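Number of protein chains: 2
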Amino acid sequence: MEIIKREIIDINKRKFPEEICFKPIGVIYTPFKSLKGIPIQSSMSATKGTIEIFPEYVAGLKDLSGFSHIYCIFFFDMVKLPVPLQSKPFLVNEKKGVFAIRTPFRPNPIGLSILEILDINQNIISVKNVDILDQTPILDIKPYASQYDNIKSTKIGWLKGKIKKRVS
Amino acid sequence: MEIIKREIIDINKRKFPEEICFKPIGVIYTPFKSLKGIPIQSSMSATKGTIEIFPEYVAGLKDLSGFSHIYCIFFFDMVKLPVPLQSKPFLVNEKKGVFAIRTPFRPNPIGLSILEILDINQNIISVKNVDILDQTPILDIKPYASQYDNIKSTKIGWLKGKIKKRVS
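Chains as they are written, first to last, in this note's numbering: chain A, 1 to 168; chain B, 169 to 336.
One should not assume that every hint holds.
[Unchecked claim] Calculated lysine-lysine pairs in the PhoX-like style (CA-CA distance at most 20 Å, straight line):
1. 230(B) to 155(A)
2. 15(A) to 191(B)
3. 248(B) to 15(A)
4. 33(A) to 181(B)
5. 332(B) to 152(A)
6. 296(B) to 152(A)
7. 80(A) to 183(B)
These aren't lab readings, by the way, just hints derived from the structure by calculation. None of these values were measured; they are calculated from a predicted model.
Start from the sequences and build out the full structure, keeping to the hints where you can.
Quick look at the structure:
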């Protein structure tokens, strides 16, 4: 990308932030009206939903339609802090550190789902593989590229042998 | 994970947030002291770095060491808002929407890198594939699982044919 001076802070004025604040760029509408019954991973969901990108950000969608999948970064707005730093994931009956599981109950309740793009019409992105509560605030969307994002051989620790079949 | 009542807001009091604020859970130290020369993707970097998880969050690392890779979600703290909604990515000389590229210059400057875990010692995670500026604030860490996160066949729009070889 272009690095434009006015878009970068003065490195001499750089200060480690105590708090970092964002504004939602959109909202996702899904069939999941409560926390019960939401698929635990997007890869295990065939459910469809629609992301509404707020009008002021629509120009940011240019050429996204050529991609089949996106990383959808969102805010688990139902989570009340503080959360325990260890809890039981769905798949095993033993406490794990929050950074070793994907629970929404995280110190920073940030969600990450890989969603398939079905259609983009103006500021509405129709998506598949939804595992997100209805009316969840969206923080960012990035294009997914298997060439970058597929790690061929991974070790998955406690998850090994616990993963159920993916739907897509 | 367990859903504990006290950790969930009352759904009747649920209100769409205007602003969402987080506190860094840690900081990453890397050899990249300026924005010039940072690899454009973690998959194109063999560079090593260390993530310092702040002491109050160390319990959250339990059992992460069994995983080979993490999603590292961080804050591009050098970005000064507002940013243009379209800009030229490194690989082509044509403006694309910010949501169709991975520029740090995003309405919400949230970064996402897939890093290989080399070692975890107390609150220090040694990582590889670093494409992040030194002393960048870390927002979240999630375990990467190819079983969840590898999408076999993807369309990558404007990126097609533009991707250089990955280092790992």
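Here's how the hints hold up against the structure:
{"no.": "1", "hint": "230(B) to 155(A)", "verdict": "holds, 16 Å"}
{"no.": "2", "hint": "15(A) to 191(B)", "verdict": "holds, 14 Å"}
{"no.": "3", "hint": "248(B) to 15(A)", "verdict": "holds, 13 Å"}
{"no.": "4", "hint": "33(A) to 181(B)", "verdict": "holds, 14 Å"}
{"no.": "5", "hint": "332(B) to 152(A)", "verdict": "holds, 17 Å"}
{"no.": "6", "hint": "296(B) to 152(A)", "verdict": "holds, 15 Å"}
{"no.": "7", "hint": "80(A) to 183(B)", "verdict": "holds, 13 Å"}
The structure agrees with every numbered hint stated previously.
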